[in-house]
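*Asks:* Each chain, written out:
2 protein chains.
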Amino acid sequence: MTTQALVSEIKKKQSFLCIGLDVDLTKIPSHLLEVDDPIFEFNKAIIKATHHLCVAYKPNIAFYEAYGLKGWKSLEKTINYINKNHPEIFTIADAKRGDIGNTSSMYAKAFFEDLDFDSVTVAPYMGKDSIEPFLEFPGKHAIMLALTSNQGAFDFQTLTTDGQPLYQTVLETSKRWKNSDQLMYVVGATKASYFAEIRKILPDSFLLVPGIGTQGGSLAEVCNYGMNNQVGLLVNSSRGIIYASSDFDFASQAAQKAKALQSEMAKILADYF
Amino acid sequence: MTTQALVSEIKKKQSFLCIGLDVDLTKIPSHLLEVDDPIFEFNKAIIKATHHLCVAYKPNIAFYEAYGLKGWKSLEKTINYINKNHPEIFTIADAKRGDIGNTSSMYAKAFFEDLDFDSVTVAPYMGKDSIEPFLEFPGKHAIMLALTSNQGAFDFQTLTTDGQPLYQTVLETSKRWKNSDQLMYVVGATKASYFAEIRKILPDSFLLVPGIGTQGGSLAEVCNYGMNNQVGLLVNSSRGIIYASSDFDFASQAAQKAKALQSEMAKILADYF
Chain A
1 MTTQALVSEI KKKQSFLCIG LDVDLTKIPS HLLEVDDPIF EFNKAIIKAT
51 HHLCVAYKPN IAFYEAYGLK GWKSLEKTIN YINKNHPEIF TIADAKRGDI
101 GNTSSMYAKA FFEDLDFDSV TVAPYMGKDS IEPFLEFPGK HAIMLALTSN
151 QGAFDFQTLT TDGQPLYQTV LETSKRWKNS DQLMYVVGAT KASYFAEIRK
201 ILPDSFLLVP GIGTQGGSLA EVCNYGMNNQ VGLLVNSSRG IIYASSDFDF
251 ASQAAQKAKA LQSEMAKILA DYF
Chain B
1 MTTQALVSEI KKKQSFLCIG LDVDLTKIPS HLLEVDDPIF EFNKAIIKAT
51 HHLCVAYKPN IAFYEAYGLK GWKSLEKTIN YINKNHPEIF TIADAKRGDI
101 GNTSSMYAKA FFEDLDFDSV TVAPYMGKDS IEPFLEFPGK HAIMLALTSN
151 QGAFDFQTLT TDGQPLYQTV LETSKRWKNS DQLMYVVGAT KASYFAEIRK
201 ILPDSFLLVP GIGTQGGSLA EVCNYGMNNQ VGLLVNSSRG IIYASSDFDF
251 ASQAAQKAKA LQSEMAKILA DYF
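If you're matching them up, the sequences are chains A and B in order. Position 223 of the first sequence, counted from 1, bears residue number 223 in the numbering used here, the numbering being contiguous throughout. Position 16 of the second sequence, counted from 1, bears residue number 16 in the numbering used here, the numbering being contiguous throughout.
Rather than coming from a laboratory, the hints here were simulated on the basis of the structure. Incorrect hints may have been included.
Said to hold, decoys possible - Straight-line C-alpha distance at most 30 Å; calculated BS3-like pairs for lysine-lysine:
hint	chain 1	residue 1	chain 2	residue 2
1	B	Lys257	A	Lys70
2	A	Lys44	A	Lys84
3	B	Lys178	A	Lys109
4	B	Lys70	A	Lys48
5	B	Lys27	B	Lys257
6	B	Lys128	A	Lys200
As the list claims (entries may be wrong) - Not the full set, but computed from the structure, chain B residues with beta-carbon under 7 Å of chain A:
hint	residue
7	Ala62
8	Leu69
9	Thr103
10	Met106
11	Ala110
12	Phe156
13	Gly232
To be verified - Derived DEER-like restraints, expressed as beta-carbon distance ranges:
hint	chain 1	residue 1	chain 2	residue 2	range
14	B	Glu221	A	Glu197	36 to 44 Å
15	A	Lys200	B	Glu197	33 to 41 Å
16	B	Pro138	A	Thr160	47 to 55 Å
17	B	Asp271	A	Glu172	41 to 49 Å
18	A	Ser218	B	Thr26	48 to 56 Å
19	A	Leu33	B	Lys175	38 to 46 Å
20	A	Asp162	B	Glu197	18 to 26 Å
Please read these numbers as outputs of a predicted model, since none were measured by experiment. C-beta atoms are modelled at their ideal positions from N, C-alpha and C, and glycine is treated no differently.
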């Protein structure tokens, strides 16, 4: 999917919500554990109830790999279900991959060809030749870690290099890579005041923003500092939406939580556009 | 597996060779493409021919994920085969994972519980709380990227922070993490002269060294700078061994390449111990 198509969808739905599909069998309603594929059935119900409120879904790959073959099968069914029924929705394989060039090419093949995701999250530590293979697929995107929402972000990402924090050097350097217009970036909502600095370096890029909800970030603050003239934000909520209830009403409760965020987003969009 | 058991095995086999199982269907002998599970059959033949010459196997997870469900099944069969037939061999899931804490826990569960690997490679960019979940499993190890073998290593890993290269800060910081005695580190063979600096920071840790062979690193140089009094090195070769021949004799040719490296290692061990 092109970023233009994503922007159109955001304006149409009045939403820049991304819903994280981090399915943990210990947290989903117990009645689902009796069906053949609980993870997929859970996802399908969540997607049916929320697809009109969000513009992106982000399965967190770890939660599928933890269940081995069965988990990978649930992931495959989930992405196929989204692509078939809601092709207008942007899909993100949250995988944080990155390796030497020929290996990154294999990961890109896994997520862009075998599974037909629109994008995959990647880690920058190994540099240019570990990321560029993800940018060789037309219409596909790599979403690179810049400044993450966890406490460990302060271990290395904010260290000073060449007179500025490492994450800023990462952003500046990545702009020079081949097909860098297909890059988006992960910036945690828990660090809202940093968005102003990031927008100086990346006025046009899309930012994927985790950390709203459970992790404590504020939507209004993120938008205040982070929005650009094409919106330029995908704000993710995972546990705050999908685990709104652990009972039979889980999907409708998830939709209510999603609706609350979408309404807040619609108001913000009305103020800015 | 404990590091003590690994050291015993190294001394017994006179080898610190790790063989990388990076199986690419476009590179394996064509007669294998006709069998039910070509990737597993290829691995099984390589393992049968080389297990007495090496102390570790390292499947590169990307190469399995690229084939989706089938690939994950081949991976599962490969690790089960090694654990059943050669439990003395140290196994490495080369996955370069790392995410916020609850997600890293799921990756750890995937590789240490669902698949029973001894270790998994991890990326440091997200800091302490992204790595510590991998260190909570007794007898299991996280192998963290420090200085990698690719050109992109110079993009960020060698940038100066606090008067020293970033990778050195990464090493020093990680020593303070919980259960850091279960950490090992990836250091590329293509940067042999850096090993002296790394050994000042990490006199005792095991280093996993890719980059011998296809990528151009020298075994003698790596040992000269990087060996410690417990050997402390696992030197990996992937393509140089497993693709020695693409004909019916691929396994015996792989064994010859492995034997050549093991002999070189035995000579070095004789000089040092």
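*Asks:* Now look at each hint and say whether the structure bears it out.
*Replies:* Structure-based check of each hint:
no.: 1; hint: B:Lys257 x A:Lys70; verdict: 37 Å, violated
no.: 2; hint: A:Lys44 x A:Lys84; verdict: 12 Å, holds
no.: 3; hint: B:Lys178 x A:Lys109; verdict: 36 Å, violated
no.: 4; hint: B:Lys70 x A:Lys48; verdict: 29 Å, holds
no.: 5; hint: B:Lys27 x B:Lys257; verdict: 17 Å, holds
no.: 6; hint: B:Lys128 x A:Lys200; verdict: 29 Å, holds
no.: 7; hint: Ala62; verdict: 4 Å, holds
no.: 8; hint: Leu69; verdict: 6 Å, holds
no.: 9; hint: Thr103; verdict: 5 Å, holds
no.: 10; hint: Met106; verdict: 4 Å, holds
no.: 11; hint: Ala110; verdict: 4 Å, holds
no.: 12; hint: Phe156; verdict: 6 Å, holds
no.: 13; hint: Gly232; verdict: 23 Å, violated
no.: 14; hint: B:Glu221 x A:Glu197: 36 to 44 Å; verdict: 42 Å, holds
no.: 15; hint: A:Lys200 x B:Glu197: 33 to 41 Å; verdict: 35 Å, holds
no.: 16; hint: B:Pro138 x A:Thr160: 47 to 55 Å; verdict: 37 Å, violated
no.: 17; hint: B:Asp271 x A:Glu172: 41 to 49 Å; verdict: 47 Å, holds
no.: 18; hint: A:Ser218 x B:Thr26: 48 to 56 Å; verdict: 49 Å, holds
no.: 19; hint: A:Leu33 x B:Lys175: 38 to 46 Å; verdict: 42 Å, holds
no.: 20; hint: A:Asp162 x B:Glu197: 18 to 26 Å; verdict: 21 Å, holds
Checked against the numbered hints given earlier, the structure breaks hints 1, 3, 13, 16 and satisfies all the rest.
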